[in-house]
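Chemist: Residues per chain are reported as follows:
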Amino acid sequence: MVMRLTSKKKNPNVVVKPVYAGSYQETIVKSLTAHKSGKPPTAAILLSTDTFTLIDEEAIVPMNTFVKTDADRQWLKSFFPAFMLNGQIDNKTWGIPFQRSTVVMYYNKEAFKAAGLDPEKAPTTWTELVEMGTKLTKRDPSGNVTQWGIQVPSSGFPYWLFQGFTTQNDAILANSGGTTVAFDDLKTIEALQFWMDLSQKYKIHPPGVVQWGTTPRDFMEGKSAMIWTTTGNLTNIRKNAPFEFGVAMLPGNTRLGSPTGGGNFFIFKNAPEKEQQAAYEFAKWLTQPERAAQWSIDTGYVAVSPAAYETPALKTYAGEFPPALVARDQLPHAVAELSTHDNQRVTKALNDGLQAGLTGTKTAEQALKDAQAEATRLLRPYQ
Amino acid sequence: MTPTSSHVQAYLLLLPAFVFLVGFTHYPAIGTLIDSVMLALRGGRAPAFVGLDNYQAMIQDPVFWKSATNNLWFALATIPASMAISIVMALWVNEKIAGRQFLRMSYFLPTVMPMIAVANIWIFFYTPDYGLINQVLQLVGIKSQNFLGDPNLALMSVTIVAIWKEAGFFMIFYLAALQTLSPSFREAAQIEGASRWYFFWRIQWPLLMPTTIFVLVNALINSVRMVDHIFVMTNGGPNNASSLLLFYLYEVGFKFWDRGYASTLTVVLLAILAIAGLMQFFLLDRKTHYR
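Going down the list, the protein sequences come from chains A and B.
When we follow the working numbering, the leftmost residue of the first sequence carries the number 1, and every step to the right adds one.
When we follow the working numbering, the leftmost residue of the second sequence carries the number 1, and every step to the right adds one.
One or more of the hints may lead you astray.
Far from chain B, by Cβ distances over 10 Å, these chain A residues were calculated [claimed, not checked]: (1) 18; (2) 57; (3) 66; (4) 119; (5) 127; (6) 193; (7) 196; (8) 207; (9) 230; (10) 331; (11) 348; (12) 361.
Have a look at the derived ranges for each label pair, beta carbon to beta carbon [claimed, not checked]: (13) A:144 - B:187: 52 to 58 Å; (14) A:221 - B:184: 30 to 36 Å; (15) A:221 - B:16: 54 to 60 Å; (16) B:181 - A:144: 50 to 56 Å.
In case anyone wonders, no lab produced these hints; they're calculated from the structure.
We put the beta carbon where it would ideally sit given N, CA and C, even for glycine.
Excised from the complex, chain A in its bound form:
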């Protein structure tokens, strides 16, 4: 899924030596350790949220260094604006979108029919989500739930799915400078309260922390009629779901919304200049509409530019399988993924708070006030 690339310039061609480095976390560990020991890779695909960390470690160079011609400037403008948000800081572009996603809702059309709902109409508001979720939750005579209405995973990185709720409630979790967060904003607290209510009040969502990894399986087993997960799961669910399913944008409250997610292409600062230039050429090649279209078809990730959706390959694919377009259509409502200085630590403060709320250990307000206090303490040096 993730590759790290070292490239060497040979006129006029570029020779690229790809290194598979494992997950995003393993890749950043390898890349940053290599950077610290003075032998960085030329370029790497890393989480777009690690941009601040990479800047603070002085590991990367902005793309602007290499943008010289009009064609270059045109290329930089060719991406979906939502995908540029996490990579653009201080008027510079630090990362180029490569494999990007949003959160979408998958729903079981057969379960909808069985519950007397229109299988072509997924919930579009929080109220509808609760109403339909209630109808879709089935219990056996002894009261055990045999089918949950809605399931939003909360293990590992709950902040990402939580950003669905907060965006829909019109809260933005961090400023673009990555120096302040709004975890204890009233709208943020309301968003967590709603997520908690789904299981604690309406009882249409499994209790406690829900595993990210088993959520697609829960859906395909029919244990949950609606799930929220990455659009990157599309190909997997399409291949394995034994029933007809639909893909929809997340429901909205005061507005529609989802965070973006996924990996950007970064060029390392301490690599030789010639290699950096080659890496830049490689980034341009990788993001060509045809390449981006193929990558999207193979994985389910969103192709990074509108032009990719105009290619014959992606047009044909979307004609056969319209759900492939939902994530793209959601992009105008998408916001930057939560990212700040000292990102993983600040994010952990929020993750811990969210899990404390969802497991009933703390109230929504207490959980987020604690997370805010911790995040504020961590961000003080950057203000």
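Fit chain B to the supplied structure of chain A, relying on the hints for placement.
Modeler: Chain B only, in chain A's frame:
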């Protein structure tokens, strides 16, 4: 040969071992100790000396204390349980029973499988509603539990995986030790009419003591070292309910990139292990009968 030259020769012969010992054990340990009083600065700037600030921060860090207490419970559960199970399994597969090769292999299987792979399988065992364990529970009328997503159950759930993984490994040591015991002990016990329990408790157990010490040391080390499955199963959650010291250390070192604080945690971990190791060698070794 004069005494001096024989000393020189001895040290020369030991030199390769010394190089590795210093390079991979002593130098990193001292480096860690130095790093633990430094504040790592971003962007490759030289770290600043901050004295005991990192230790102060550690004492005030609730996640550290949570991980430490979790680790204590994890150790208190995994060490005795995996040892007890391994000895019972070893006694069982040491008997002349049909299919014992198959049994031995089955018990040993968890040890040879990679932890990351088995953790992925265990996630599905623990899955609410349709997971294996919950299906069995529901058969006997117990409500489905969210094992990995409930703060009261998460630590217990990852502990059980560790015990399952370790018991088979220790069984091999006990089995090997049991097979070195002379059969004449058993024959003598049978002639004397000793009960099975009496034979085990008075003859086998004391003779297995050296193995037990070895296994105990290993179990203790593993109780702070086995964290692979945490990454896969819970990521330390919910809300740090299943975070262990080494897992937290990884987070601080390689997610937060806080080298100074990570070194502080390493020093504490080293100290705990050193104390435990010394206690074992001084207290238990004396009471053990080596043949």
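Chemist: Now, for every hint given, state plainly whether the structure supports it.
Modeler: Here is how each hint holds up against the structure:
no.	hint	verdict
1	18	23 Å, holds
2	57	6 Å, violated
3	66	22 Å, holds
4	119	24 Å, holds
5	127	27 Å, holds
6	193	17 Å, holds
7	196	13 Å, holds
8	207	6 Å, violated
9	230	17 Å, holds
10	331	29 Å, holds
11	348	7 Å, violated
12	361	6 Å, violated
13	A:144 - B:187: 52 to 58 Å	57 Å, holds
14	A:221 - B:184: 30 to 36 Å	58 Å, violated
15	A:221 - B:16: 54 to 60 Å	57 Å, holds
16	B:181 - A:144: 50 to 56 Å	52 Å, holds
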